[in-house]
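S.K.: Okay, here's what each chain looks like letter by letter:
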Amino acid sequence: KNEVEQSPQNLTAQEGEFITINCSYSVGISALHWLQQHPGGGIVSLFMLSSGKKKHGRLIATINIQEKHSSLHITASHPRDSAVYICAAIGNEKLTFGTGTRLTIIP
Amino acid sequence: KAGVTQTPRYLIKTRGQQVTLSCSPISGHRSVSWYQQTPGQGLQFLFEYFSETQRNKGNFPGRFSGRQFSNSRSEMNVSTLELGDSALYLCASSLLAGWDTGELFFGEGSRLTVL
Chain A
2 KNEVEQSPQN
12 LTAQEGEFIT
22 INCSYSVGIS
32 ALHWLQQHPG
42 GGIVSLFMLS
52 SGKKKHGRLI
62 ATINIQEKHS
72 SLHITASHPR
82 DSAVYICAAI
92 GNEKLTFGTG
102 TRLTIIP
Chain B
3 KAGVTQTPRY
13 LIKTRGQQVT
23 LSCSPISGHR
33 SVSWYQQTPG
43 QGLQFLFEYF
53 SETQRNKGNF
63 PGRFSGRQFS
73 NSRSEMNVST
83 LELGDSALYL
93 CASSLLAGWD
103 TGELFFGEGS
113 RLTVL
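Those sequence lines, one after another, are chains A and B. Numbering-wise (the working numbering), the first sequence opens with residue 2 and increments by one. Numbering-wise (the working numbering), the second sequence opens with residue 3 and increments by one.
Don't read these hints as lab results, they were simulated from the structure. Bear in mind that the values here come from a model prediction, so they are computed numbers and not experimental data. Just so it is clear, CB atoms sit at the ideal spot from N, CA and C, and this is done for glycine as well. All clues given are correct.
List time: in silico SDA-like cross-link candidates among lysine to any residue, alpha-carbon distance up to 25 Å:
#1 A:Lys95 to A:Val45
#2 B:Lys15 to A:Gly41
#3 A:Lys56 to B:Phe107
Pair by pair, the computed Cβ-Cβ distance ranges are:
#4 B:Ser81 to A:Glu68: 40 to 46 Å
#5 B:Asp102 to A:Thr21: 21 to 27 Å
#6 A:Lys54 to B:Gly5: 25 to 31 Å
#7 B:Thr103 to A:Glu16: 34 to 40 Å
#8 A:Glu4 to B:Ser29: 32 to 38 Å
#9 B:Thr82 to A:Gln67: 44 to 50 Å
#10 A:Gly41 to B:Thr103: 26 to 32 Å
#11 A:Val28 to B:Thr103: 15 to 21 Å
#12 A:Pro9 to B:Pro10: 31 to 37 Å
#13 B:Arg32 to A:Thr105: 37 to 43 Å
#14 A:Gln67 to B:Ser67: 36 to 42 Å
#15 B:Ser29 to A:Gly41: 23 to 29 Å
#16 A:Glu94 to B:Ser67: 15 to 21 Å
Extracted from the complex, chain A is given alone in its bound form (with noise of 0.2 Å):
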């Protein structure tokens, strides 16, 4: 069992839902990190967050440390939200990473 677990590992919804991606981990971690990855590799920091809640525009990341638990929402969603989300978990000096979750937005 990977020590950081995502859910779903695919996702397709249509343009302007809200959506929801999980992440839970099994050790005690002291931040969390959400990154974006586009088609081609690149990757783009969303948040780093080790409690409560951030938000960047239509992007929310919550964190519950106690509950070994983050959630990353997308409001309106949009077709150029289409990308991989991963979760990187930091604890114990280990940076620990999700599986990923493919996201695709249809218009």
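Given chain A, put chain B in place with the hints provided.
M.R.: Coordinates of chain B only, in the frame set by chain A:
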């Protein structure tokens, strides 16, 4: 402000050869970390360097090595290449050491194919 630059972007090698990949961080960033991404294993951490010192190392064999120079540029080397080393190698830079000190800025990656 220029982003993180990785060279080369694509390369093809044969088994047994060695390869050196380069990463130039954002100006002013002193921390560089390296990652391997494969379809089977996903993203995995290789090394982290800060001010020319390796702070952390992932679970990879000794064929994988790296270094950081005084201008913060970093190189990683893979010797005696194996087919399984075919991957996208990504580096990321940040201002401070440690992944929980701030945002990570990734390069576009170097795609290595081993034949």
